[in-house]
Amino acid sequence: MAFLDNSGDIILDAVLTDTGRARLARADGSFRIAKFALGDDEIDYGLYDKTAASSADYDLQIMQTPILEAFTNNSSLLKSRLLSVPRTNILFLPILKLNTKFARTKMNTSAVDPTSVSNMFIVAADLDTTDNVPTGIGTEIDGLMEGAQPDKEEQSHIRIDQGLDTDELAPRAPLDDDLRDETYVVEIDNRLGRIVGKNGESPRASFVDDDQIASYVISAPMVSNNGNRDLVGVDGSSQTIQGPRGTILEFRIASSVDLQGSDFLFTKLGKTAQTYVIGGQNVTGLGTIDTHVRVSGMNTGYRIDVPVQFVKKLS
Amino acid sequence: MAATFKALGGNDTTTTRTLLHEAIPLTGTIVSGTYFLESSDTQTNIKRYGHGMWESVYDYPYLSSSANHIFDLTIGYSAQSNLSGAANMQNAKKINIYNQMAQVLVGFDENGLVRRFDQDGDHSGGNKINEAFFINYARLLTKDEIKKGSYNITFYTAGTKQVPTTPVTFADHGAATTYKTNSPAGDYSILYTSSATPRADGTSGKGLLYYQAGVAVLTSSIFLNNPFGPDNQYDKQFSSVRACMTGSLITSSCEALRNLWRDNNFSNTTELNSTVYFCRANHNEFNYSSNPTYLSSSKLVVKNVSDDAPVSYVTTIGLYADDNELVAVAKVSEPLKKDPTNELTLRVRLDY
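Line order of the protein sequences matches chains A and B.
This note's numbering numbers the first residue of the first sequence as 1 and each following residue consecutively.
This note's numbering numbers the first residue of the second sequence as 1 and each following residue consecutively.
These aren't lab readings, by the way, just hints derived from the structure by calculation.
Owing to the predicted nature of the structure, the values given are computational and were not obtained by experimental measurement.
Where is the CB? At the ideal position from N, CA and C, for every residue including glycine.
Check each hint, because a few of them may be wrong.
To be verified - Dumping the calculated DSS-like pairs for lysine-lysine here, alpha-carbon to alpha-carbon at most 30 Å:
1. Lys93(B) <-> Lys161(B)
2. Lys299(B) <-> Lys79(A)
3. Lys299(B) <-> Lys97(A)
4. Lys79(A) <-> Lys303(B)
5. Lys50(A) <-> Lys337(B)
6. Lys299(B) <-> Lys50(A)
7. Lys79(A) <-> Lys6(B)
8. Lys337(B) <-> Lys97(A)
9. Lys299(B) <-> Lys101(A)
As the list claims (entries may be wrong) - If you want the footprint, here are the derived chain A segments under chain B, 3+ residues with CB under 8 Å:
10. 81-89
11. 92-101
12. 145-155
Take the sequences, apply the hints, and build the full model.
See the structure below:
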């Protein structure tokens with residue numbers, strides 16, 4: 001992945017992605033280009049210098065940014081897309097942020113071995129894994145989702161809040177309608193798990209690409225309005241977005257059949273013979289796979305990666 | 001409503017066809033000499049086969065993974081040729097080669113018999129090329145076809161084995177505008193010497209060049225009345241091409257031909273069918289970004305106050321399917337500034 005020569009005229013370097021080639025090869029009509037998006041992955045807007053003497057110099061460094069040539073892995077490209085909003089007077093844009101303030105939305109920090117599972121959600125691949133300590137890891141640790149029984153109520157889930165995370169605006173006003181994400185795209189490695197709602201919803205993947213990344217397009221009822229107007233920082237506040245709030249996405253992760261029934265993915269993608277330290281006791285013989293779940297707002301394009309560890313008591 | 005995708009309409013796509021040409025020089029030193037291994041008396045870029053029906057020429061010692069196959073060489077003659085004779089070396093194979101090439105390149109007559117190569121391309125009569133050298137170029141070199149009017153090949157046609165002389169160039173003169181279409185293998189034209197004017201009686205042709213098939217057929221008579229060879233590096237020289245074609249192996253004849261090869265030049269043609277997507281960013285589109293560095297505490301870093309114009313920078317264009325799957329991507333060589341005062345039309349071409 002070299003840099004593009006920028007010494008002369010502006011050139012365009014175009015390639016089909018691996019998924020594009022796969023669809024072309026399938027010859028089933030799925031290769032149909034219907035829309036486009038613009039991206040700015042290489043740009044560091046922190047280099048935009050509003051204090052420069054001349055407005056022509058504001059973006060002097062940005063315009064010198066070297067651009068990498070196109071490569072073909074579809075999931076590695078267009079990580080940040082440009083956004084169309086007709087009005088030009090927007091000063092704040094919403095972000096997505098994990099809300100870990102509830103007992104059931106916390107990530108795991110130190111209940112298990114802090115050297116390997118710090119700040120992650122944990123998905124237990126099968127029922128044996130959640131046996132009582134020290135045979136298994138039990139069910140009473142932060143951030144644990146029981147992948148084999150995701151509809152069980154008493155377990156963690158992932159909550160993502162959308163809104164303007166600034167103390168310059170009070171949360172009393174709701175987020176502007178044109179900046180609200182009512183729909184989200186959630187991507188997960190299809191070999192490892194699938195997305196389910198915390199109330200038993202079971203959305204279907206829109207597609208699974210050639211790298212086995214499944215994309216779920218999720219809206220209500222897994223997406224709800226955030227009507228809470230509490231200030232962040234006050235006692236008992238359960239909010240993570242400081243300013244106007246938009247929507248909330250909540251989901252769990254179910255473990256895949258492969259993960260439940262076999263250990264080979266732990267050997268191939270993860271680690272074996274791992275130990276969790278829970279309540280001072282060692283739980284040994286675990287397999288772990290570190291991955292992440294990517295969440296993007298359909299309207300705003302903002303995205304975050306949620307770190308997840310799949311864990312299984314290996315046979 | 002905010003959006004990051006924009007639909008492409010019927011007026012935003014078009015298709016084009018472009019012919020791309022590359023110049024291919026094949027010097028005599030590649031064909032013989034550069035990769036000669038004196039200790040084993042072999043050309044390491046020439047691959048021979050147990051059946052002995054042709055030899056393959058590579059641009060580098062063929063046992064290396066860096067080597068590219070560039071063409072094959074073989075010879076053949078018709079069963080009706082004066083050279084044909086049961087006592088000849090590899091007589092049947094030489095006839096088989098000729099018939100196979102003729103079957104593919106010239107086709108069959110009304111009685112289902114294989115036609116012979118015709119000197120002027122007119123199958124109704126005239127002189128036939130009964131004894132020929134075949135140069136079968138690899139698709140790596142010819143791509144979709146050899147560019148008409150671009151081909152020339154030069155051989156030494158006389159002299160001694162140490163000092164070959166009298167180079168003669170054969171080329172497809174005039175083929176850019178005039179060529180034949182009565183071959184089952186596509187277009188072809190007649191090779192003439194550079195000094196020859198095509199004669200009305202059709203006797204000035206020295207060979208045939210099949211453009212799409214990538215095959216040059218040279219009559220052996222271009223070496224008539226002169227010694228031929230040598231058959232190996234500074235080895236023996238045949239008394240004549242006739243003696244070579246009848247009294248030696250196919251590979252020996254090929255080697256003799258390679259040692260007389262001075263150079264060969266042509267251009268190939270690749271037909272690019274392209275779809276062009278016009279990605280239009282209007283003045284009020286794509287002025288904001290979802291890049292994490294675009295915000296600091298949710299505030300745009302490119303603005304001081306809300307009245308400031310938003311600005312963003314384009315480095316990538318993604319083309320998506322209906323289901324939002326990224327199927328093609330294009331990069332610009334430097335960031336393009338986008339703000340409400342400008343519009344961009346990015347022309348993305350995908351070649352097939």
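Tested hints:
| no. | hint | in the structure |
| --- | --- | --- |
| 1 | Lys93(B) <-> Lys161(B) | 27 Å, holds |
| 2 | Lys299(B) <-> Lys79(A) | 20 Å, holds |
| 3 | Lys299(B) <-> Lys97(A) | 15 Å, holds |
| 4 | Lys79(A) <-> Lys303(B) | 23 Å, holds |
| 5 | Lys50(A) <-> Lys337(B) | 16 Å, holds |
| 6 | Lys299(B) <-> Lys50(A) | 14 Å, holds |
| 7 | Lys79(A) <-> Lys6(B) | 17 Å, holds |
| 8 | Lys337(B) <-> Lys97(A) | 29 Å, holds |
| 9 | Lys299(B) <-> Lys101(A) | 24 Å, holds |
| 10 | 81-89 | holds (count 8) |
| 11 | 92-101 | holds (count 4) |
| 12 | 145-155 | violated (count 0) |
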